[in-house]
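My request is simple: use the sequences and hints to build the entire structure.
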Amino acid sequence: MAKQRNKRIQYDRGIDVSLFPFLSIFLCVMGVLSFLNILNSTVLPRKVVMTGEVGQGYKVAYQIFCLPDDIIIVPPIEHLVALRQAVTDASVIEEILQKRRQQQRAFLMPTEEVITDIFKEIQLLNYHARQANFLYEEFVLFGLYPNSADIYHTIRQILYENEELLGISIGLEALDANWTVETP
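Mapping the sequence shown onto UniProt numbering, position 84 (from 1) lands on 84, and the numbers just tick up by one.
Think of the hints as simulated: they come from the structure by calculation, not from any bench.
As the structure is a prediction and not an experimental result, all values here were calculated from the model.
Glycine is no exception: its CB is placed at the ideal position from the N, C-alpha and C atoms.
A few of these clues could be false.
[Said to hold, decoys possible] FRET-style restraints, in silico, Cβ to Cβ: (1) Y127 - M30: 53 to 59 Å; (2) E161 - R130: 49 to 55 Å; (3) N40 - V92: 46 to 52 Å; (4) A90 - N178: 39 to 45 Å; (5) F107 - L39: 29 to 35 Å; (6) Q157 - A177: 23 to 29 Å; (7) L33 - L135: 43 to 49 Å; (8) N162 - N40: 42 to 48 Å; (9) T88 - D117: 20 to 26 Å; (10) D176 - H153: 19 to 25 Å; (11) Y127 - L39: 30 to 36 Å.
[What the hints assert, rightly or not] No more than 30 Å apart at the CA atoms, straight line, and that leaves these computed lysine-lysine pairs for DSBU-like: (12) K99 - K59; (13) K120 - K99; (14) K59 - K120.
See below:
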């Protein structure tokens, strides 16, 4: 029995393996991947394609991109055709549709008249959609590039001065200076 007891007490000693080479290679690979990620994000210009699927019951964005000197207007057009068929007075919708086709992707200096016309159009479309029980509502989505806050604040001031324009929903999207905006 004494021999069995001694066998139980003896432990197997394993081989010590150093993890230094594995960790060293792992950290070097992580460093290189981080460097490539940073290099890729700073060197390559980015293109942002803003698209969205819209069905009945959703809001549609009237996009205004604020640059330091002017604004880019991207009005929604394709959804007005269905709205034109749903309302009783299609001539108003047709007039707005023709105006927006000419205005699509327009570069404008933001004057008070241009801004109030845009918001009155949106209000008129939302009103006609509600009257026809058509689930469609436009809202304004501002894309703000760096150094364009002055133009955005000018537009907001125009809205606050005109009380009848305050019922329109507004969204904000901060844009990177390296992004190029493409619209479908």
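We went through each hint and held it up to the structure:
1. Y127 - M30: 53 to 59 Å: holds (57 Å)
2. E161 - R130: 49 to 55 Å: The hint (49 to 55 Å, Cβ to Cβ) is violated, given that E161 and R130 are roughly 25 Å apart.
3. N40 - V92: 46 to 52 Å: Since the Cβ atoms of N40 and V92 sit about 49 Å apart, the hinted range of 46 to 52 Å holds.
4. A90 - N178: 39 to 45 Å: holds (43 Å)
5. F107 - L39: 29 to 35 Å: 33 Å Cβ-Cβ, so the 29 to 35 Å window holds.
6. Q157 - A177: 23 to 29 Å: holds (25 Å)
7. L33 - L135: 43 to 49 Å: At 47 Å between Cβs, range holds.
8. N162 - N40: 42 to 48 Å: holds (45 Å)
9. T88 - D117: 20 to 26 Å: holds (24 Å)
10. D176 - H153: 19 to 25 Å: holds (20 Å)
11. Y127 - L39: 30 to 36 Å: violated (52 Å)
12. K99 - K59: Judged against 30 Å, a Cα distance of about 21 Å means the pair holds.
13. K120 - K99: Roughly 13 Å separates the two Cα atoms, so the pair holds.
14. K59 - K120: Answer holds: K59 to K120 is near 17 Å, not above 30 Å.
When each numbered hint is compared with the structure, violations occur for hints 2 and 11.
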